[in-house]
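Undergrad: Protein chains in written order, with my numbering: chain P, 1 to 299; chain W, 300 to 602.
Calculated directly from the structure, the hints in this document are not laboratory data.
Heads up, some of the hints might be wrong.
[To be verified] Each computed DSBU-like pair below joins lysine-lysine, with the alpha-carbon atoms no more than 30 angstroms apart:
#1 W:Lys547 with W:Lys558
#2 W:Lys328 with P:Lys204
#3 W:Lys589 with P:Lys98
#4 W:Lys456 with W:Lys589
#5 P:Lys259 with W:Lys589
#6 P:Lys211 with P:Lys259
[Said to hold, decoys possible] So the derived label-pair ranges between C-beta atoms look like this:
#7 P:Leu137 with W:Ile343: 16 to 26 angstroms
#8 P:Met138 with W:Ser593: 11 to 21 angstroms
#9 W:Gln483 with P:Met138: 28 to 38 angstroms
#10 P:Ala93 with W:Ser492: 38 to 48 angstroms
#11 P:Leu209 with W:Leu585: 28 to 38 angstroms
#12 W:Tyr412 with P:Ile223: 24 to 34 angstroms
[Said to hold, decoys possible] Selected chain P positions facing chain W (Cβ under 7 angstroms, derived; list incomplete):
#13 Pro26
#14 Leu120
#15 Trp199
#16 Phe229
#17 Asp230
#18 Ala267
Every residue gets a Cβ at the ideal spot worked out from N, C-alpha and C, and that includes glycine.
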Amino acid sequence: MKNLNRYGYAFIAPFWIIFLIFNIYPVALTFYYSFTNYSGSGTAEVVGFANYQRLIADSYFVEAFFNTWKIWGVNFALQIVIALILAMIFSDARVKMKGLSFFRSIFYLPNLITVSSVALLFGILLDWQHGSLNMVLMNIGLISEPINWLNQPTTAQLSVSLILTWMWFGHSFIVVMAGVSGISTDFYEAALIDGANRWQTFTKITLPLLKPILLYIMITSLIGGLQLFDLPMLLTDGIGSPDGSLNTMVLYLYNQAFKYNNYGYAAAVAYGLFIITVIFSAIVFKSMYGNERKQARRV
Amino acid sequence: MIDRTEIENNVTPEQLAKRTLLPQEKNVKKRRSIVKGIIYALLILTAVICFIPFLMMLVNATRSNDAILTGFTLIPGTALMENYHTMMEYVNIWNGFKNSLIISVLVTLLTGYFSALTAYGFAFYSFKGKNFLFVFMLVMMMVPGQLGLIGFYELCKNLGILDTFIPLIVPAIASPFVVFFLRQYIQTTLHPSLIEAARIDGASELRIFHTVAIPIMMPAVATMSIFTFIGSWNNYIMPLVILFSPEKYTLPVLMGFLKGSQVAQNLGSMYLGIAISVVPIMIAFLFLSKYIVSSISAGAVKE
């Protein structure tokens, strides 16, 4: 029996060999580069914390940080509200809506499409003069003049947020629905007997019990959102126009490394991004579960 | 409320179904059906909003550049073949398709097989350092892909595998999340006594894995494979960094290339190019939608 356990190593060996070479080594190498002035060729000179000092003072990175948050935040708020409303509609025992699987599929469809295709499609649909969106909006009389969606900072950011919402609300809806259907109907029957209305049922039963699911959506969405790259890269000129409003953190990282050959600095940007992701994931986690623990202790 | 319970107590269900509704119940029913109508209308509107960009894409793909510039209509044009020839003159989109397909299929197969192998190793053998390795893997799972991007590029440069498919395919052997998911799955579905029985029958360890564990893991592997395939198919930043030669571009990179090429002058061809990249996914989704939806639900609830 004992000697069989050696097979365990053999079974996990391929994974670990590849993992070490293509995952851990690059992460460590990037960490090393973040302390050098490496420029893609020649030798890397160690410069200590210079890259990190530059990062904190870099107005473009700070701008990218806030842009990323603005774009993600608007999108997330919209997406989660839509998902919750939809889940409320489809889970209501009294209204009994039909067509759940049909609507779910349609709502989810945009999520499957390659982001670069989505970016290209919206790039030409939102075009100022020749874009079909402006033409349609003008035809039905919603606007009198074409809106230059992608050429003004506010509308450009809003466009990206709305495209992200369009891509992701169906996914969130599916996940929320999965959570809702996991809630025991006993709770709802009890609420019905107690005479709770829909809103009370929703805020006092559904929402609290959905907390783990909402946390899951929020953290996965946050991690994805902080890595926003494809859309801003392909919607405009690839460096964050107009006025740097679409300059996101990963776009900045990409351009610093592969456009300007500042590998050392880009490596520091990568680690800055990583630290930010960890901090905010921890905050989200704490704010959702910290209260609960305090309450539990009080009881 | 009181008379209602009396009625329900004294009559049979058949009578109950036929009984005339109380006035306030009628009101509630009427109001409810109006509300239901409004909700359906809103849902259909949302569905239309979801679909309209695709519709615009499909219609515009059949219209000539001049027609698109003059305005939008839902009536298809006649310039489909013309658009196709203009696009193919500059960008061979089928080549991108082929490249994406080769990479995604290989990535999916490698991820499925080696993740199952690793998950099995973690679940059914006890060896020194097992727990440490597993926890370490979980920690690394949280690390976003971009963190090692620069080091990854340098590594590939030093190995001389830039501008090849190797860096896009081989790393798929190590997919921590899939390993994690499969280990959770196999621990609850495969009983150790089954493995013992196979051992007594004289099967080798690898053979047990192939003939006992793999069939049991198959549903979970299939679930993960869908996401692996979609993720690989949609991956943009990696091939963008690794590949230089246009004939090796994957579909997403080719889309970016399309934007910067001469094709961008002709909107009809642009729309057609995008449509060709989108439509196969839509068709695949038609057949797989139920499966995909339940996979997403399962993945979220299991967390």
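Undergrad: Range first: 28 to 38 angstroms. Now tell me if the beta carbons of W:Gln483 and P:Met138 are that far apart.
TA: At 54 angstroms between Cβs, range violated.
Undergrad: What's the verdict on W:Lys589 and P:Lys98, does the C-alpha distance respect the 30 angstroms limit or exceed it?
TA: 16 angstroms, holds
Undergrad: Are P:Leu137 and W:Ile343 spaced within 16 to 26 angstroms by their CB atoms?
TA: 20 angstroms, holds
Undergrad: Do the numbers back the hint for P:Asp230, that is, is its least Cβ distance to chain W under 7 angstroms?
TA: Constraint on P:Asp230 satisfied, holds at 5 angstroms.
Undergrad: With the threshold set at 30 angstroms, check whether the alpha-carbon distance from P:Lys259 to W:Lys589 stays at or below it.
TA: 42 angstroms, violated
Undergrad: Let's test the interface hint: is any C-beta of chain W closer than 7 angstroms to that of P:Phe229?
TA: P:Phe229 check passes; min Cβ-Cβ to chain W is 6 angstroms, inside 7 angstroms.
Undergrad: Do the Cβ positions of P:Ala93 and W:Ser492 conform to the proposed distance bound of 38 to 48 angstroms?
TA: 43 angstroms, holds
Undergrad: Next item in the hint list is P:Ala267. Is there a CB on chain W closer than 7 angstroms to its CB?
TA: 5 angstroms, holds
Undergrad: Going by Cβ atoms only, is P:Pro26 closer than 7 angstroms to chain W?
TA: 3 angstroms, holds
Undergrad: Quickly compare the C-alpha distance for P:Lys211 and P:Lys259 to 30 angstroms and report which way the hint goes.
TA: 42 angstroms, violated
Undergrad: W:Lys456 and W:Lys589 were given as a pair; does the straight-line alpha-carbon distance stay at or below 30 angstroms?
TA: With Cα atoms ~42 angstroms apart, W:Lys456 and W:Lys589 exceed 30 angstroms; violated.
Undergrad: Quick one, are W:Lys328 and P:Lys204 close enough, alpha carbons at most 30 angstroms?
TA: 26 angstroms, holds
Checked against the numbered hints above, the structure breaks hints 4, 5, 6, 8, 9 and 15 and satisfies the rest.
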